[in-house]
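For the sequence shown, our numbering begins at 38 and goes up steadily by one.
Don't read these hints as lab results, they were simulated from the structure.
Note that the Cβ used here is the ideal one computed from N, Cα and C, for glycine as well.
Keep in mind that a hint or two might mislead.
What the hints assert, rightly or not - Label-pair distances were calculated between CB atoms; the ranges are:
(1) TRP291 / GLU505: 34 to 40 Å
(2) LYS375 / GLU479: 28 to 34 Å
(3) PRO135 / ARG295: 25 to 31 Å
(4) ASP450 / ALA411: 34 to 40 Å
(5) SER96 / ASN409: 31 to 37 Å
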Amino acid sequence: MMERIKNALAEGPRAAASTIHYLYLARIPFLGWLTLFVLPLFARWVGRPLVLGAYDLASGGEAFFVGIAYGLAGGSIYFTAHVITNLCSKRFRLVIDPIVQSRIDKVWAGAIIVAFFVNILVAAAASKPIYSYSGQIAGAMVLGMLIAFAGALVAREISFRLAKNPTYRGLVWLGIKIGLRKQKGYLRPVSADVETDNPAKWEYEDGQIRAVCYTFIVIVAYCVITGKQVAPLVALMLLVSLWVLVLVGVTFFWDRYRLPVLLILVVYFWLAGFSLKADHYYRVWTRLRFDPELTPGEIVGRAAKEHRPVVVVAAAGGGIQSAAWTTSVLDQLGRRLKADSGGAYDLPRSIRLISGVSGGSVGGMFYAENFNEAQPDFSHSFQAACSSALGPTIRGLLRQDLWRALMPFLVTDICNDRGRVLERQWCKSFDNKFKPTAKLAEATLSAWGADALLLKRPALIFNSTIVETGQRLAISTVPITHGLIGETEFTQRYCAEISISTAARLSATFPFVTPTGRPTMLNMNPSACSTESPPPCGGGDQHLVDGGYYENSGLVGAIE
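Could you build all of it, start to finish, from the sequences and the hints given here?
Structure, rendered in structure tokens:
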């Protein structure tokens, strides 16, 4: 009796230690599952303005491909967890009973299904507030997941046949022979136990070839998808799939030799971050310092002297919803006031200043660009502001910025990142509505400032925040000579020119979605800059981020 009690008491600590050991080995699949489960919850509540737009699916076809991507991500997590569960006893002396292994596999499958269910609910709710359409979105996602599951079964069948194929065994044997011959002496002990004499006698462990086949499928899908116009969730889930498969393979191999792979990766990325090419930049170019004819306040005063109604707009931040709200409100107010006055009152011509933050800056940019037209239709600004640029931004993250983070020493164009991709998408969205007169891609601070001085276009203030100091940086089309609040104005700090789309992006830069950036000169001409001018005349090191970190209503710029 006492012996049984002792065994029972000893079993508890052993079970706890085994559980911790297994969770450590399965840390990568667990992090992948956590991403699947937490992302929709984050989009629904905490990160609603930031992430929820990714779940707004335009059609059943888009939802179908999102479902396939989720199925591939779930399959990657399940397959890698299955390999760890079944092989940990042979590779790490962590003995797991076969019955317990089966139960663990079922737990993984159940957890993945729960994550799928949460994502389907959020996508159905975010896409359209129509019950029938929500059902269509949910059904298309489920169908896509089933197709991905069928693909997993195909991969399993292929792996089963390859395990017995003599040609495949011979090719693997040849590859290992070449690899062993090319190895350095200090690496040979690591692979000394690899059988290379007779590949016909090899016995593959359950799940190994299946994981390799599945990895090949995901890599092909990733290479094809990242060059196409797809939903952001498709690209993101393929990235999750790829990272889970690669990292599990690397960690499962090196954990045997007590090599802390994740720590090594963290140290590598930390060191790579010191590379100048790993940082993000936005383009500026020199311009001669000039004394502004009028400040924003003087422009308002000039309009008042000419007995024009004066309207000052403060556009608050809030992502794409704020951009659409700004353009919609100004458009609808203009239409209503014009109708009520019998056409006598023109609101757009009365707006003399727009001070924007984040999404409000983007909406102000789209609205102000309309003034190129003799008879502008401001509803087009609303349509352009509603166009989501999240998809191209995610592709920029996967194509440009992923490789920038992995191998910064190979970067050739330091300004080509997802922030620049976002700017191009904004210009494309607007130009598609206003061709051939739209010139948003060519708009600059000085050009719009000249229009503001002639009262042809509102003056704009794009409010941003300096990361290093916490100050507000006003990027104004008409320079502010004496800053009252925030102390900093772009043209006075840099005596540099910048494009309007870049100014709007810097005002709306939210980390992880778009990168913080610092200026880099296209043409260095120190003689064009005054002696008291800070960088980039001599190098710029201050990064800009969303103006909402300092003040999110836009009122500070308007009051100033």
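Starting from the hint list further up, note which numbers the structure goes against and sort them upward.
-> none
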